[in-house]
Amino acid sequence: MSTVEKGQVMTANRLRDGDVVFLTRAGAWSEKIDDAVLALEPQAAAALEVRAAADVTSTLVTGPYLFDATRVDGKIRADHIRERIRTLGPSVRLDLGKQAEGTAGAFQAVEV
Amino acid sequence: MPLLKNNAFVVDAWATLEDDAPLPDGGKLIVSPARLSRDWDGLARFTGLLGVRLTNTDKVEALAPYISQIALVVLPFPAFVDGRSYSLGHQLRLDGYRGELRAEGNILPDQLQYMRQVGFDSFVVDNRFPLQLWQAAAKQMSLAYQRGLFRVANETEVWSDRHQGFAPWEEQPHAG
Amino acid sequence: MYRYDEFDAKFVNERTAQFRDQAARRLKGDLTEDEFRPLRLMNGLYLQLHAYMLRVAIPYGTLSGKQMRQLAMIADKWDKGYGHFTTRQNIQYNWIKLEDTADILQALADVEMHAIQTSGNCIRNVTTDHWAGAAADELADPRPVGELIRQWSSLHPEFSYLPRKFKIAITGAPNDRAAVKVHDIGLRLHKNASGEIGWEVMVGGGQGRTPMIAVTVRDFLPEKELIGYLEAIMRVYNLFGRRDNKYKARIKILVHEIGAEKFKAEVEAEYAKHPAQQTQVEMAELARIAKYFAAPKFEKLSRFAPHFEDAKRSNGDFARWARNNLAAHAVDGYAIVNISLKPEGGIPGDATGEQMRVMADLAERYSFDELRVSHAQNIVLPHVKLEDVFDLWQMLVKADLAAANYGLAGDIIACPGLDYCALATARSIPVAQAISRKFADVKIQESYGPVKINISGCINACGHHHVGHIGILGLDKKGEEFYQITLGGSSSENASIGTILGPGFAAHEVPDAIETILNTYVKLRNAGEEFLAAYRRLGPKPFKEALYATA
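Chains as they are written, first to last, in the working numbering: chain U, 1 to 112; chain X, 1001 to 1176; chain C, 2001 to 2551.
Hints in this document: simulated from the structure, not taken from any laboratory. For clarity, every value in this text was computed on a predicted model and none was experimentally measured. We treat Cβ as the ideally placed atom computed from N, Cα and C, and that holds for glycine. Accuracy of the hints is not assured; some may be wrong.
Unchecked claim - A few chain C residues facing chain U, derived, Cβ under 8 Å:
id, residue
1, D2076
2, K2080
3, K2097
4, E2344
5, I2347
6, I2429
7, G2479
Assemble the whole structure, with the sequences as input and the hints as a guide.
Given below as structure tokens:
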């Protein structure tokens, strides 16, 4: 039986190079969605917002926001197509973005 | 909040007179436009200097009856992306206003040169930016394509310079 | 085309230094993102779904081979080897780093280019007819005025913090290829009874959430008064445009809310109080600029080009491409070459660095070193000898730039959409690709005749779908992408906003829907009647019936 968990992931853009990053449990920002912490409850999500705000102030990241995601057997997938594209790369250029750099996570292709 | 004027932080000699406060004998006082029109009889005889603080939805024409006796106009920048006062300030200058034109509110050093070019000459600024930053910002661009601006940092007026026969618009010195 | 003098060069170099300093202060934390955002937007730098995006200005869509080559270098060095030509004649790079941006701006300054005011609540790139200076129907080349307005609007101290973005388009031909009627300000050059040149000034057109056609505020403004009058319009907008609601902040809303008559009265009152002064300066500057737009040294050629005719006779592919992609030039023996950036199943408007270099070479060799970007996201070589066209075409074929679909159903205009854009609600490119594949056979496209298909991935309408003959708008319905179809839009001098046909479609249904629409047109058209004319005659009813007929 698969474990399916629904929650929220915190994402932002790294300030200096614009790369899309995700907040991990350790409080660092990773380029890989599967490293992200999944906030299962509102309190946990609020804690992510506090952490992200601090990293905005310290000029590490910009534009942080939470998005809905589902974790299946430890692999995270964004619920909405917008964040799936953000997590993977353009659906029309499979040779670009995280999907080409090996940082896209387990769910590879955006459905057409 | 420091008052920036002529590339230095200066002491502000002006005070705001509330609408219901009695008019003292002298001094440099800023009133609201409502008070200006309501109490003009008394204010016209004021022995000190008169200033007015507008909002950025006021019309410059409304000051017309009083402007020759106004020494300071204060215009707000409620958000640094709210650019209405650039036009209000410029209109005042185009209409011949020669007193001090002051900006207050949200002002970034990166906006200083634009404000000076449309005619502002003093600025109530946040003390989080050091003076050197304001001084550098005042002369970041040494050229302007638009004509009729105030060239406080000796900016080249490009179109006039290109066509040497045409002098740049004559600048009137400010009383401020 | 225009060349910088030492003033222009100094200007872009100082601007670059200013941005370098601003970016450094941002990275140090001396500026917050809220403070930095308008500053970086006024240098063309957006934050998008995957990365920063840089929009480089191509003033009135004109550039040289050297400049195109530099754009290729930037794509290769600082991006991922390609760029996207936009519906406002600019180019965008999708994978930019903030820490590289000042260097990129310097590389642009080195070839007389910039990214000034390609975003932000300020006056944007002035766009024009992509056939300016070449088209047979042109009264006069509008680009000198375009350059005059570009300079006047650059770092304008009074008008850099407007309620919202501000877009100006100008045309010098009666057939308007610049969409002037759907711009914040549209300017149309024409002549009065005495043969003097003046400008019709139109205000308040636009697309987005509330598409509107511009109203005319002056029928015939003498050229020398242009800058002064534009200042009056901008001042009225800056003072009275709404700032309480981002979606009601364009000048079109102001014109609509106070009414055209009252708006015109405000502008005239402002202009009367502050009329254009010392206009000899503007006119001297305009005359100086105009010298750069003097016609190239065309040869005296016959209208009949035997090599060209032979090539058409012997090469069917070339004949097809020549029939669809060439436009009539004002000078005998020359043609306007339209390079379609819409290969079958390709991404509309994208070009690789290598393709940009090929086009640069072709421009230098065959087109007096000049290229244009059209707001249909294609590239134009404006002045090519008919006798050179076959050689040129063969090189286009080698570079995969020879799609013979210019102005046809495969020549789709599409914004980047949800694949790239943080504002989008749906993807636009895959829909364009699917339609393009469906009509891959150019013969089928030719059977439909000229038709403009525009796709926008959200209500901001950067794909200009409101003025597409067939417009497609991508929306989000309960987390699923779905697409609304409009018909009958036009950006010409007889501008119109398209009407929504009915309920939307899922992505996979759209190509069939387009085919149904086009087949309905074919069934009902009069001999020689193009799609838009047929739609205007027939109205939406037969198309609705065909699309939504219950099986």
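Outcome of the hint check:
1. Contact between D2076/C and chain U, as hinted, is not supported at the beta carbon level, the nearest pair being about 14 Å apart and thus beyond 8 Å.
2. Checking K2080/C against chain U: minimum C-beta separation of about 6 Å stays under 8 Å; hint holds.
3. With its C-beta approaching chain U no nearer than about 4 Å, K2097/C sits inside the 8 Å limit, and its interface hint holds.
4. Hint status for E2344/C relative to chain U: violated, with the closest Cβ pair at about 14 Å, above 8 Å.
5. The beta carbon of I2347/C is positioned within 8 Å of a beta carbon in chain U (closest approach about 6 Å), and the interface hint is therefore held.
6. Hint on I2429/C holds. Least Cβ distance to chain U is approximately 5 Å, under the 8 Å limit.
7. For G2479/C, the interface hint holds, the least distance from its beta-carbon to any beta-carbon of chain U being 6 Å, beneath 8 Å.
Violated hints, in rising order: 1 and 4; the structure is consistent with all others.
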